[in-house]
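These are the residues of each chain, in order.
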Amino acid sequence: MLDQWLFVGIFVSIAAVFPLLPLVMARFLAPRKPNRIKQETYECGIETVGDTWVQFKIQYYVYALVFLIFDIETVFLYPWAVSFDVLPLFAVFEGVLFILILAAGLFYAWRKGALEWS
Amino acid sequence: MQIETALLIEWVVKSTILIFALLTGFAYTTFYERRLLALIQVRIGPNRTGPFGFLQPAADGLKLIFKEELIPANAYKFVFILAPILTVIPALIIMAVVPWGGAIELFGRQIALGLTDINVAILYLLSVASISVYGIVLAGWSSDNKYAMMGGLRSSAQMLSYELSLGLAFVVPILLAGSMSLNQIIEAQRGVWFIFYQPIAALVFYIAMLAEVNRAPFDMPEAEQELTAGYHTEYSGMKFSLFFMGEYMKMIAVSAIFATLFLGGYRGPFVDTYPLLGPLYLFLKVFLSLGLMIWIRATLPRLRYDRLMAFGWKILLPLSILNVFVTAVIIVVFGL
Amino acid sequence: MRFSALKRDERAGYEGHIVPASSLLEVAKALRDEDGFDLLSSVTAVDYLTDNEEEESFFEVVYHLYKSTGGGAEVLRVQVPRENPVVPSLVELYPGADFQEREAWDLMGIKFEGHPDLRRILMWEGFAGHPLRKDWKEVYFEEEAKPFGNRWPGGQVYRVEDQNPYGKNNQYPDGFDPESWVETEDPLLYENLEKAAREYTEDIDTEQVVVNLGPQHPSTHGVFRMAVRLDGETIVALKPVMGYLHRNHEKIGERNTYIMNMPFTDRLDYLASMSNNFGYALAVEKLMGDKVAPPERAEYLRVIMAELTRISNHLWAIGFLLNDLGAFFTPALYAIEERELILDIFEATAGSRMMCNYFRFGGVARDLPAGILPRMKDLVNERLPRKIDELDLYLSENELVRSRGEGVGIITPEDAIAFSATGPVLRASGVPYDIRRADPYSIYDRFKFDVAVRYHGDVYDRYMIRVDEMRQSLRILKQALKDLPEGEILTGHNPYQVRVPAGEAYGRVEGPKGELGYYIVSNGKPSPWRYHVRAPSFINLTILEKMCVGQKVADVVVNLGSIDIVLGEVDR
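Residue numbers (numbering that gives the first Met the number 0), protein chains in the order written: chain A, 0 to 117; chain Y, 0 to 335; chain F, 0 to 571.
Honestly, the hints are just simulated from the structure, not real lab data.
Treat the numbers as computed from the prediction; the structure is a model and nothing was measured.
No false leads were slipped in.
Here are the simulated SDA-like cross-link-like pairs (lysine to any residue), alpha carbons at most 25 Å apart as the crow flies: (1) A/K111 with Y/L318; (2) Y/K76 with A/T40; (3) F/K136 with F/S526; (4) Y/K66 with A/R31; (5) A/K56 with Y/A228; (6) F/K194 with A/I45; (7) A/K56 with F/G406; (8) A/K56 with F/T205; (9) A/K37 with F/P177; (10) F/K238 with A/I45; (11) A/K37 with Y/I84; (12) Y/K62 with A/A29; (13) A/K32 with Y/F77; (14) F/K238 with A/I57; (15) F/K386 with Y/R42; (16) Y/K66 with A/I45; (17) Y/K62 with A/L22; (18) Y/K313 with A/L67; (19) A/K37 with F/G221; (20) Y/K62 with A/T40; (21) Y/K313 with A/L96; (22) Y/K76 with A/D50; (23) F/K250 with F/Y495; (24) Y/K313 with A/F106; (25) F/K6 with F/F57.
If we take Cβ atoms under 10 Å as the criterion, some of the chain Y residues that face chain A in the derived model are: (26) L7; (27) L17; (28) L125; (29) M149; (30) E162.
Idealized CB from N, CA, C, for every residue including glycine.
I would like the entire structure built from these sequences, with the hints used as guidance.
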């Protein structure tokens with residue numbers, strides 16, 4: 000099993016080097032004549048006003064919190080699903096109950112207005 | 000741990016083949032998309048470069064590599080260069096666990112068609128899929144461009160809304176096959192493809208995967224009409240094409256995963272006798288799935304950002320929870 | 000009239016009343032509230048500059064007021080001295096005066112007291128002078144009126160630029176040095192944007208971002224810019240900025256002879272040149288009187304061409320509205336398929352597909368060529384109805400089109416009237432105001448058709464109304480093609496020069512985008528003294544800010560698309 004992971008490791012390292020190739024090639028092949036106008040920020044031909052890195056209002060931060068919880072809960076389902084056929088009936092029902100709790104949680108968040116886009 | 004030299008060579012050769020297959024796949028997916036879009040829109044599309052325009056991707060690549068690469072003066076340079084690389088890597092490595100065929104005999108060795116067969120392949124897919132959003136968010140943030148910024152933020156919002164449904168859609172094939180290994184999931188589809196058992200899960204998966212790869216109608220992060228090009232607005236030349244590459248490779252990868260989970264993967268008639276048919280079947284299924292993606296892009300307008308999130312949370316997620324629940328109950332009750 | 004301040008305009012060829020500047024607001028308010036003149040169609044100014052010692056030079060601001068229930072105009076004029084001209088602003092009473100007053104300030108230099116945002120609108124902020132004034136001369140100025148006498152001395156083309164490469168009338172504002180000038184942001188604009196944003200409050204204290212949407216791209220309706228203040232993805236304030244395509248159409252029009260302006264109007268709304276011709280021909284014919292009344296066949300041809308134009312324009316508008324919604328060109332390309340056939344007809348008849356130049360004073364330029372009539376009948380009876388049904392079938396019930404269009408960019412009927420919106424934008428808000436019915440011109444009173452109305456005033460209704468209008472246009476076309484009589488197409492011969500008696504006229508038609516009006520003042524010379532275009536795209540944009548505030552970034556583009564503008568007409 001472990002050597003399979005080693006394999007993934009080899010592949011990842013090859014894949015990590017791979018995107019560097021075109022960048023390096025472009026470095027030698029592409030012209031480079033930067034100037035002030037070219038390097039300006041693009042904003043439809045108008046000079047940009049004000050800072051970009053501001054305290055931007057992310058209107059989905061509540062979603063993000065809900066997501067965090069649900070994502071972890073979803074991962075818990077995986078081992079259960081794998082050993083579904085060997086589990087005793089009680090454990091299977093526990094899993095089903097867990098899904099129901101998940102649904103109830105979603106319903107609760109929904110009713111609380113967490114899923115409204117403010 | 001002892002590793003044979005032959006095994007090592009096999010691995011390196013297989014990795015290289017896969018990477019080049021993906022690269023060619025990327026090049027010809029762009030061509031496929033342009034020709035199919037043109038066909039749908041009663042146009043001709045690129046047909047001048049080589050026979051039927053087959054050399055068009057090469058011409059595009061050649062053009063892009065000779066383009067000047069601009070970095071905005073105010074950009075955060077290191078991250079700006081890192082972001083396209085970070086986008087391509089997950090798009091490549093996600094294919095590591097997808098099998099392309101059974102085993103063949105070559106030089107007296109059993110060679111499995113497929114890079115690896117790990118027992119938690121699904122977890123691997125899910126984790127790689129979720130890191131792929133980093134490149135986009137970082138690109139948007141480092142460009143110091145307001146459109147890019149908004150594109151990057153939209154992309155993370157989209158990930159939040161669709162990852163869950165995607166995750167739950169993965170549960171169903173696991174339930175049916177009783178394994179997280181993709182090879183065993185394919186084996187379990189020897190008789191009937193899972194799409195026929197589980198059309199709803201397949202549909203949810205397909206929608207979520209469209210959102211995952213930012214394809215229309217979920218192409219919010221690069222919404223042409225309001226954000227010019229979204230997160231990659233400031234990118235040019237090869238860096239731009241890396242984003243492009245990442246997007247199209249991800250399209251191929253998710254199509255392959257979809258085929259594996261719901262369409263029987265590399266399985267098809269006579270595949271047990273002639274294992275080399277496996278990659279061909281997989282290719283056909285990926286080809287059709289890509290065609291469907293292009294068709295959707297050609298027909299549907301874009302969803303609005305907030306509606307998209309509402310759709311993900313209020314329709315797709317309850318639907319997939321319900322689906323997992325019903326599937327589990329049915330399996331228990333009927334002892335399938 | 001019951002106001003003592005009102006004085007009937009006694010000049011020959013003029014109508015309406017002269018109001019002293021001091022009582023304008025009072026008169027306008029009474030007209031609006033008591034007499035029902037709630038639609039301020041046009042605001043413009045005329046420079047009556049004279050060399051004659053005995054006469055006095057003055058500016059005249061002209062207001063055309065209409066009832067949204069139909070009927071003729073009430074014309075108000077305010078005469079102010081040329082030195083420091085100040086007129087009270089009507090923005091409080093008629094918000095639709097906003098852009099038009101800014102335009103009058105920009106081009107004519109009339110100050111509107113009480114206007115909340117009196118900035119230049121078509122010229123840039125650093126521009127010196129007010130170009131529509133009669134004593135303002137453009138760079139490379141040659142003569143007051145065309146044709147310029149010195150273009151062919153000795154059979155050689157001679158351009159004034161060749162002789163004098165830097166021009167002789169360059170004017171700069173005080174303290175402006177073109178050599179050292181660098182482009183800076185527009186402080187006034189952003190100040191106003193901030194002012195508008197101050198009214199917005201939110202529970203979370205986040206910073207707002209100023210983003211420019213356009214001119215170079217989002218979204219490609221032309222070089223139109225919206226400066227937007229955003230809180231997250233919500234629009235807090237929006238200011239449209241235009242003028243990137245400004246060429247001072249009106250000044251050039253005043254140099255041209257009357258007939259030279261006909262092809263020039265094609266360039267306004269270049270997707271609907273036939274309608275542009277129509278309005279201009281009507282205005283000049285009004286001035287010239289009955290001797291140029293068009294013959295029957297010409298009237299029919301005019302209506303046919305105008306309605307075909309409307310259909311082709313709406314096909315375009317719908318196709319590209321879908322593009323704005325994010326559909327990747329497929330609806331647009333399908334929608335403009337039949338437009339090509341309409342353009343084929345224009346080409347066969349007028350000689351050009353888009354710049355038709357087809358109308359003449361007293362008729363039209365050419366008769367239909369042989370064999371084109373059956374093709375038109377096929378098109379109108381077969382292909383176009385099928386195409387409209389097809390669009391309706393595939394788009395109207397599309398889930399995404401509905402969800403992106405319904406409830407987005409709502410304009411209430413009151414707002415629509417107050418903001419002087421016309422055309423589909425007004426009718427989609429539930430106001431059945433169509434000039435073809437409200438104030439019939441040409442022979443529209445002979446045809447049976449309904450004024451299409453929709454009642455929600457959202458983007459979806461503005462899309463649907465265009466489908467409805469195309470169907471009504473087809474009804475008119477069917478009748479017109481059936482009844483098309485034989486006969487002359489032009490009263491008199493086709494002249495190189497027309498004689499237009501002194502006076503003024505306001506000719507308006509229901510263009511595809513709204514009320515297209517031409518205000519023309521003649522002093523009996525070969526060129527118009529004043530040539531003003533009431534451009535529907537331009538004035539419909541006045542309401543854009545109100546439509547967009549509080550909505551999402553993605554909706555702005557769609558709202559803009561649903562107004563359907565053409566920059567050639569907005570910027571003139």
